[in-house]
Structure formats: structure tokens, C-alpha cells
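Given next are the chains, with one letter for each unit.
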Amino acid sequence: MVHAMIKNSYEHNCPTTELLSAFCDCGAAESDLEMTAIARHVDACDACRRTVEAYRQLDRLVAAVCQPPAGLEKRILAAVKTSEQTQVDRPWRLRVFRLAQAAAVVAVLALAAAAVMRYAHSDRDDVTLAQHDQEPAVQIATVETETKTSPDAGAVVLEEAPERLRATGSVRSNDVQTVGIDRNGARAAAPVAQYYLPTTVRHVWTTSDLQQSRRLLDTLAKDGNGVITWTDADGSLSGKIQLEDGKLQALSTACTAAACSWCLRPCRSPGQALRSSSPAKRSPTTWSWCGLVNNVSALSLRQAAEL
Amino acid sequence: MSKTTMSEDRVLVERFKQGDEAAFEILVNKYSGRAYQIAYGVLGSREDAEEVAQDVFIRIHRALPKFRGDAEFTTWMYRITMNLAKNKYRWNKIRGSKVNISIDAPLEGGGDSSGEERRIDLPDGRMTPDAKSAFKELEKSVREELDNLPDIYREALVMRNVEEMSYEDIANALNCKLGTIKSRIARGREELRKRLGL
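Sequence order for the protein chains is A and B. Just so you know, the numbering used here puts 224 at position 224 of the first sequence, and the rest follows in order with no gaps. To convert, count from 1 in the second sequence and add 307; that's the numbering used here.
The following block holds chain B by itself, in its conformation from the complex:
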């Protein structure tokens, strides 16, 4: 996390405290994706991850006026996200997860409820249709195998791929030591590689 970003966040938080709702919208645009990805790492479900991301920002909106700024905004947000995601995970475990599917949930294989194509970062924009199809298949397998990974590996691995999230940020969010995080990421990668036969 760069110092510029941190100071930008502080300014946005201050602006929001002064009553500038637009500042909050900027924070949502900037960090909602990360909240979603972190939640996805914990839950392995897109619907649940989106629900958690919404709850995170509802909480932030309520609590931000009292936010003292002792920690960085992002650290605070990661903590809230992790707490809510873990609560959701426990709830799912008790109730039986993935039983309910949101009617707004994107359809499997791409395309959301509005018929809009799901945004996927393809590795190479010049891929042939066959290659794209193969990549889609692979992506589907990755999703399945990622869901089947031990939770601690999936969390770390997904967070590692969250934009701008450093090892330190992950360690803070997961309340672990740096070495533990490195080890989990490495093991997660290796496990996933083996399962996918790469």
C-alpha cells in the first residue's frame, strides 16, 4: 500500500466525516472489489462474497464517523471483511452452505442477471476461440479446485491475488505471522498446481 494511497484514504475519510457522501462513493469504488475478493477467499462463493461485501460497506458507512484513524482505512476494512466473512462461513457451516442461491446470482459459465458478459481478465487478448474455450474450462476447474482447497490456503492464495495486497496486509487481515502467510501461499499454489495437473 503506497503512502499516497494512504493519505488519499485519510482525506476521503475526513471528507465523509464532514458530510461528503461522494467521498464514501469513491471509497466504495476503490475498495469494494477487494472486499469481495477477500470474502470470496474465505467463502468460496460469489453470492456469499457479494453479500459480505455489501455488509462490509454498510458497516463502514455507519462506523466511519467514529473511525479515529489509528489504523489505516484498508487495514480496518480488511478486518471487518474477514470478521463478516468468517461469521458467514460459520453460519453456512451450521445451516448447510450453498443451499440458497440468490436470484441475482450470475449464471454459471458467464453472464449475470442483466445478460451482461461477466468481466474476466484473460491472460492474452489475442487468444483464439479454441484457446479461450480451453481457458474457460480451466477457469471452471480452478474455481472448483479452489473451493476444495483447505480454507487457510484458499484465503491466503486469493488474497495474494487481490490487487495491491501485500504479504503484510494479508498477515494483518488473517492475524498471522508473515512467515506463516508465505508458507500458506506456497503450499496453496503447489496444492492447486497438483490438483489441476499443471
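So that you can see chain A by itself, here it is in the shape it has in the complex:
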């Protein structure tokens, strides 16, 4: 019964593409009975016969196209031999390479650890001072170290009580840079440092050695009272920051120039202190700043004004 069904199944219906393909491969067919039925159909059906012939021709063509190139075996054997020879020669090179690899890994890890520690340390510094004023720290772009005094720069004298810290420095363009700071007023071996205070303090002074400056100002703040004052070369600008118990107590600036191009707002009273305030008593938005250091601190002031 089944035999008859298969036998007759392709009498009038063409087999599927898949069956014709399987028919081409013969041995891979579903069953002999089915293949016999397909063979009978293909004999009788021109379209299917042409398809089967085309498939067989394609097989021959594909086989021809995929023929391995002459001499493949020899080349493979030669490659194997070369590879084995390289393997034999390799151990000392491999050891050197692995040593170099290990050294590179150690170096990368050391650098990463140093970067992490530095980052953690800088965070701690920020937190220390931020905690003093309980306000978030502001980061100001690092300024390149330049100890020479430019024409528009002035001397900066950072001093407090004689027994405490004394710092000397210079103002260059838009920044205040220290060239050294120590307890005895002697020029410190290590140059410049940069320091950022929390937002309410804004910009106290900046130097290029962030870590050193942070430590120094931290010391200043922790030591108790500290006063930082500065003036420019012709004495037209001066400023004063007073720290007490690590907190900003007073900031005063004065502009003696007839026209101060750096003022955040026009100097209405040249020669007078623009502002002298205590953040403990006044809102940060009332703060003002004037002078060469303004280009950096102006940003902070604007931010403060928006607060």
C-alpha cells in the first residue's frame, strides 16, 4: 500500500527541490522506494530532468573549482617541518618574551596602583577641606609652572604670623603661583604647588604641584590661623585671605588702578577694598573678586552668583 502511494506520488506532481537535490546525491536519499518514484518522474518530466542535470553539472563544476592546488601536500609537509623547527628554537625566546610580558604586566599594575592612590589621595584632600567649609570642592584647571615674572605679573607675598608659614610667589597672567613655601621663609627646594579651596573660598592660590600645595595649605588650615596676602607689581591690586581653624574667615581685595580690566564688574571705587567679608556671616553670592587672579576665579564667582 505504502509502496503504491510512493510509486504514484510523483506521477503528476513534481518533487520538491530538496528531494531532487537528494536524488542527485542518491545514497543520501530518504528511502530507495521514494528515489525510485522520483527517478520515474524525472524520466518523464522534462523540467525536473533539466533541473537534475543542472545540479549534476553544478556538482562537477563546484568540485573542479574546489580542487586543491597541485603540490599542496608537499607545501603542507614543509610548513609542518618549519613550524616544528621553530618550536625547537623557541624555548629561550619564549622565556625572554614571557619575562618581558611579566615585566610589562607588573609595570602596568604599578602605574595603575599609583594612579589609584593619587586619585584617592586627591579625593581625601578635597574632602578634608570641603569638610571644613562643608561645601563641595571646586576644581580649577591646572596651570603650567612658570616661576619667572611676566610683565603683567606681580609679586605675591603669602604670609601669616611670623612663626608660621611664609610663602613667596609671583602672579603670572591670570594666576597666582608660588615658587616656594616653608615655615622659615626660606625658598623651598620643591617649587610650586597648586591648591583648590572649596567653592565658598574660590581661588586662593594656584601652583602647578597640586599635591604639594594641597598638603601645604592643608597644613596652614590645620595649624589654625593663616593669612595669605598678595599684591601685584605696581601695587594696583592686592588681596587677602584669612583662614581660621581651616575655614575662610575673610577675603578682601583692593583695586587701585583707574581702570581695572579684570574686574568682574567695574571698579566703582578704585583704591578701596572692593569687598571684605566673612563667609560665616555673609552669603557666598555677595562675594567679589578683583585682580590678576580673576580669570580663574571669575568662573567661580559666576558660579557663586548663580547659587
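Hints listed in this document are in silico derivations from the structure and should not be mistaken for laboratory results. Careful: at least some of the hints might be erroneous.
[Said to hold, decoys possible] Using 25 Å as the maximum straight-line C-alpha spacing, the simulated DSS-like pairs for lysine-lysine come out as follows:
no., chain 1, residue 1, chain 2, residue 2
1, B, Lys-324, A, Lys-81
2, B, Lys-337, B, Lys-393
3, A, Lys-81, B, Lys-337
4, B, Lys-337, B, Lys-373
5, B, Lys-447, B, Lys-395
6, B, Lys-393, B, Lys-484
7, B, Lys-324, A, Lys-74
8, B, Lys-337, B, Lys-395
9, B, Lys-337, B, Lys-400
10, B, Lys-337, A, Lys-74
11, B, Lys-337, B, Lys-324
12, B, Lys-373, B, Lys-324
13, A, Lys-81, B, Lys-373
14, B, Lys-501, B, Lys-447
15, A, Lys-81, B, Lys-400
16, B, Lys-393, B, Lys-373
17, A, Lys-74, B, Lys-395
18, B, Lys-443, B, Lys-400
[Unchecked claim] The following residues of chain B were derived to be distant from chain A, with all beta-carbon distances above 12 Å:
no., residue
19, Phe-374
20, Asp-458
21, Asn-482
[As the list claims (entries may be wrong)] Here are the in silico distance ranges between beta carbons for each label pair:
no., chain 1, residue 1, chain 2, residue 2, range
22, A, Thr-82, B, Glu-444, 37 to 43 Å
23, B, Lys-400, A, Ala-78, 28 to 34 Å
24, A, Arg-56, B, Asp-458, 22 to 28 Å
25, B, Lys-443, A, Phe-97, 46 to 52 Å
26, A, Asp-32, B, Lys-324, 40 to 46 Å
27, B, Thr-382, A, Leu-33, 40 to 46 Å
28, B, Thr-487, A, Arg-40, 26 to 32 Å
29, A, Ala-100, B, Thr-382, 37 to 43 Å
30, A, Ala-39, B, Lys-447, 31 to 37 Å
31, B, Asp-454, A, Ala-47, 26 to 32 Å
32, B, Ile-401, A, Ala-47, 43 to 49 Å
33, A, Val-108, B, Thr-382, 54 to 60 Å
For glycine and all other residues, C-beta sits at the position ideal for the given N, C-alpha and C.
Using the hints, position chain B against chain A.
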């Protein structure tokens, strides 16, 4: 794959393990063509296929001493070939394939670097020169269209034409079901037939 061939392979593998390099050479002579064809099916490039075939036997030579024989040698070889060919395929895709052509590559249209005629199985040895020329043209078209076929069809179709590779072997090598392989071969054939206008 016949049982005789399988037992022959086992003997060759054992001989190689005992230190008989000649046994390995026999394996290379026997199977390098298949490795090449399988790689060609994946890559569609003769130069890349030869490179992969070389790598396959370099790997086999290194790993054969540890080959436990859980699978047939051919199954193992097909797997290695497929893995390396697919790695090469991915590499080509990232880097931009067919950019580099080996200086040893046979010239297009026949003849390898040594000037030797490329071996082609012609369908009929009694073909006239015109018929041979027409066949060469057709062969060139087949190569191009084969390269343009979807990868899954080309792989299956080329492997089907690898000597003695059964549907089961192809299914194992491609990690597919038997039905999937049959279907891919059929579709590949039909697609190629249409593209070539046969």
C-alpha cells in the same frame, strides 16, 4: 566514511604516536585536499584555504600525540579545519578580506607559480577546444557565484562535493542537524543554478 578507512586512520595515528613520521605524511596525502576544500567552502579563497590547510596539519602534528581517539580522526580534523577557517573568516572580515594576495598564489585562469597547469577535473576528456574554453568560462562564473552565495549554502555545497564526505560528516563538521544540511545543500544548488542560468 568506510570502516576500513577508519581503521586505517587509527593505525596511522598509532604509528605516528610511536614516532613514525611517515604515517603522518600518509595522513597529509590522504586528507590535505579535504582540509583545503572545507576551508575553501568557508572562505571562498584559494590562498586563504591553503593557509588554513597548512595550519590544520601543523596543529594536528602537535596535538596528535595526545589524540585519544574518542572521535574519528576525520571528525577531529574537520572540526579543527572548520574552527581555523571560521577564525580566518572573522579575521578577514575585520581586516578586510582578499586585500593581501600571496605571492605564491596561482594566477587567475590557471597555472600556479611554477608554471604548472592547475589540475582541473574536466567533465569529459574528449571535449573539443571550444567546449573546454566554454567550460573554463563557466568554471570562472561558478567560482564567482560560489563566492557570492550565502556562507551557509556555500559551506554545505562545497563540503558535499568533498570526496567521501557524507551528509553526516558535514552535519558534524558544521554542528548542524542532518535535515538542515540537506536543506542547505538543496537551496545552495538551486540558488547557484538560478544565478548561473543553468
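Legend entry - Violations among the numbered hints: 9, 15, 18, 27 and 33
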